[in-house]
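Going line by line, the protein sequences match chains A and W. Under my numbering, the first residue of the first sequence carries the number 1, and numbering increases by one thereafter. Under my numbering, the first residue of the second sequence carries the number 1, and numbering increases by one thereafter.
FYI, nobody ran anything at the bench for these hints, they're computed from the structure. Note that CB positions come from ideal geometry on N, CA and C, so glycine has one too. Any given hint could turn out to be false.
Stated by the list, open to error - One-sided and incomplete, this derived list gives chain W residues near chain A with beta-carbon spacing under 8 Å: (1) R47; (2) E52; (3) Q53; (4) Y59; (5) V60; (6) G73; (7) G76; (8) S90.
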Amino acid sequence: MSVLLAIGTRKGLWLATSSDDRASWEVTGPHHPMTEVYAVGIDTRRATPRLLAGVTSEHFGPSVATSDDLGATWAEPGHAPIAFPADTGESLARAWQLVPGPVSEPDVVYAGTEPSALFRSTDGGRTYELVRGLWDHPHREHWTPGGGGKAIHTVLPHPTDPGRVTVAMSTGGVYRTEDGGETWAARNTGIKAVHVPDPYPEYGQCVHKVARHPAEPDRLFAQVHHGVYRSDDAGDTWQSIADGLPSDFGFPIVVHPDRPEVIYTFPLVADAMRFPPEGRCRVYRSEDAGKSWEALGPGLPDGYWAGVMRDAMCTDDADPAGVYFGSRTGDVYASRDDGDSWQLVAAHLPDVLSVRAARV
Amino acid sequence: MRITVLLPGTLREKAGGEAKLDVEVAEPATLGGLLDALAERYPALERRLRDEQAGLRRYVNFYVDGEECRHRGGTGTVLREDAEVQIIPSVAGG
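Take the sequences, apply the hints, and build the full model.
Below you can see the structure in the form of structure tokens.
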């Protein structure tokens, strides 16, 4: 069994491969040097896995590259893979998400973009079309940029119902469609907004990341700008699960691939102090869907002052499962025992923006 | 009319490895018309120069006969017969 870990950074993509059950890693890169790789995906629905990378050159703009040979060679369409239609008057800044659709639609891939929009591909992620229903939503003009920009950075296709997709953004909150993207409704009841006068608005929350387990598709977990939440009704209502964490601030949240009750996040001190508490690099794990939390330390350093961004934590689909994160100081750590212990996969890379891992 | 385009090294692979392109542009020729012609012939090159709303990318500069085009009307800059358009990325980023 080989496991591939794709590491998107501010200056290119690195690929780490382990063929000895993640005991050691061979790292190659930079692929796509001097591009920001906010979005990376590994589409394992195909006989040969397809890598998807959202690559943005500061000079020459954004693109999406795909590889069907695990990164040895890459392809890009001649015309822009993601482009806003002329009548929108907008231009793509970057793709923040490239997410394979449900298993029943093997050629569907979604892209979440900056400015905030959802695009849908029906050719496996090579070219995309704007999902008009969300673009035409009356709330859109009120969505505002968060610190990272105005982007849809979470896309969660329902695992079995192709008509249902959930998206999230900073700042705008969580939205869900049940009719294949025609209509969308805000799903933020119970999520507190700390940056506007109304603490519980219908929309406008700064949601950093939403995660779900495919076997429990109506249960969602969210890391918010000061808040950690669970929903048991597909986002209709949310309850805080921040008790037991050293801080309710952070960016990533992920669910264990085999155990839907197990979740991971990486707390930072606060909005204005984006450091790990006391400079100790720690992943926090809950084994009871957020009722209680524990800090995971073995293998992780102290005296560490780098954060972990919203897409820089992931799991793989191996058995037993692996957990991964990358930091803004370019370190990538992996665990192959549910987070009990950690090892360094790569160090001294550019700041890590995204990680994704899968058996290949 | 014929316009000569000089490409930076980082973009040559998008034009079949060529450093210098001869492009036929309908008269009266402008920089925008030249880029429209490039989009027909080398779409993967042209989308590095303009976004999907035909806006010039911020950190790509177009020198028309030695003068940066933003001072001469941007994409409306008029090109003479046998004009030389040199594309040079800005000094930017870290």
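* Closest C-beta approach of V60(W) to chain A relative to 8 Å, hint status -> holds, 6 Å
* chain A contact restraint on Y59(W) - CB to CB distance below 8 Å -> holds, 4 Å
* Against chain A, with CB atoms and a cut of 8 Å, does the hint on G76(W) hold up? -> violated, 19 Å
* Per the CB criterion, is Q53(W) less than 8 Å away from chain A? -> Since chain A brings a Cβ to about 5 Å from Q53(W), closer than 8 Å, the hint holds.
* Close enough to count: is the Cβ of R47(W) nearer than 8 Å to one in chain A? -> For R47(W), the interface hint holds, since the closest Cβ of chain A sits about 5 Å away, which is under 8 Å.
* Status of the hint placing S90(W) at chain A (closest C-beta pair under 8 Å) -> At about 7 Å, which falls below the 8 Å cut-off, the nearest Cβ of chain A leaves the hint on S90(W) intact, so it holds.
* Asked: Would the stated hint for G73(W) survive a check requiring a Cβ distance to chain A of less than 8 Å?
  -> violated, 21 Å
* Asked: Taking the least C-beta to C-beta distance, is E52(W) closer than 8 Å to chain A?
  -> holds, 4 Å
Comparing the model with each numbered hint stated earlier shows that hints 6, 7 do not hold.
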